[in-house]
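Undergrad: Sequence:
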Amino acid sequence: MQRTEEKFRIPSRDNKKQMIGVIVAMDAELEMIKKSDAFRFVGEMSDGWFDVPMLAFDYTTSNSEDVNIVVAKSGIGKVNAAVATTELIDRCLPDYVISTGVCGTLSSQIVVQNDIYMPKFVTYYDVYCGSPNNIGQVQGYPERYETFFTEELTDALASEFSEHIFRTYDPIISVDMFVEDRDVADHIKDFGYPLSEYLDCGIDMESTAIAQACYRAKVLFGTVRIVSDAPCRNPELEQFKYEDFWTNAPDTLHRILRSLIDRSTAIRNSHWFH
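Residue numbers (our numbering): 48 to 321.
There's no promise every hint is true.
What the hints assert, rightly or not - No more than 30 Å apart at the CA atoms, straight line, and that leaves these computed lysine-lysine pairs for DSSO-like:
1) Lys265 / Lys167
2) Lys265 / Lys64
3) Lys120 / Lys81
4) Lys265 / Lys81
5) Lys64 / Lys82
6) Lys64 / Lys120
7) Lys81 / Lys64
8) Lys120 / Lys82
9) Lys120 / Lys265
10) Lys167 / Lys64
11) Lys167 / Lys120
12) Lys81 / Lys167
As the list claims (entries may be wrong) - The calculated label-pair distances, taken between Cβ atoms and stated as ranges, are:
13) Asn316 / Asn281: 21 to 27 Å
14) Val185 / Ala313: 29 to 35 Å
15) Lys64 / Asp230: 48 to 54 Å
16) Asn281 / Phe225: 17 to 23 Å
17) Glu227 / Phe97: 26 to 32 Å
Bear in mind the hints are in silico, worked out from the structure with no lab data behind them.
It should be emphasised that the depicted structure is a prediction, and the values quoted were computed from it without experimental measurement.
For each residue, glycine too, the CB sits at the ideal point set by N, CA and C.
Between the sequences and the hints, there should be enough to build the whole structure, so can you do that?
TA: So, in structure tokens, the structure goes:
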């Protein structure tokens, strides 16, 4: 098996210019980045072993720091997410990886399209390897994976995007199923995961797999998710119109992504491996 001819080869790392990896699952979000005046398109990377679409961009932060960005589209689910993360890290050696996308939630106090999860840690819902491992823990790995979000960083983002509610103390739990109705949410609650302290957790299909791949490679990781489904929500809460979701959500995530990258030096200096 041979790789296809390269369309673009990532520049060799000279050391000063940061390399930031971004993983998206939605075509709409990828298109938002491609159309942005701030992200200067460099080229499409060649197909790798796993045919993960990857696009390279230049970006100048608000502090006038030039950085390289490679955006990979993973597709849905933990296997696709892990493959895309591994390919991205192997080929581009990013300083850190940001995952963006949508999520469901078990919370009853959530406003769809307004609440943003920026968790301090992520874990699996549907993993159990037997005693002495805890539910959610892959044997030989941590029970949960810490993100690079410091209190200072999350406070800054919450202040900048004050029109949204940032859920920084509630984790994201990854499971390979959409949480779009109450029956699925009840199934998750009944599984036996110790959810008593995570009743307001977010649910997605990628974050923890991306986090585990980053952990193995000793690369910093963070995930930002906007709520699309809240089957347990209080019906008295006014929700944003769902039909507008796929127009508004990518723009919201794009703006938050830019703000995170503007703080790239602070993120790089927050290494939790050292």
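Undergrad: Now look at each hint and say whether the structure bears it out.
TA: Now for the hints, and whether the structure bears them out:
no. : hint                        : in the structure
1   : Lys265 / Lys167             : holds, 17 Å
2   : Lys265 / Lys64              : holds, 19 Å
3   : Lys120 / Lys81              : holds, 12 Å
4   : Lys265 / Lys81              : holds, 28 Å
5   : Lys64 / Lys82               : holds, 23 Å
6   : Lys64 / Lys120              : holds, 23 Å
7   : Lys81 / Lys64               : holds, 21 Å
8   : Lys120 / Lys82              : holds, 16 Å
9   : Lys120 / Lys265             : holds, 21 Å
10  : Lys167 / Lys64              : holds, 27 Å
11  : Lys167 / Lys120             : holds, 23 Å
12  : Lys81 / Lys167              : holds, 29 Å
13  : Asn316 / Asn281: 21 to 27 Å : violated, 40 Å
14  : Val185 / Ala313: 29 to 35 Å : holds, 30 Å
15  : Lys64 / Asp230: 48 to 54 Å  : holds, 49 Å
16  : Asn281 / Phe225: 17 to 23 Å : holds, 21 Å
17  : Glu227 / Phe97: 26 to 32 Å  : holds, 28 Å
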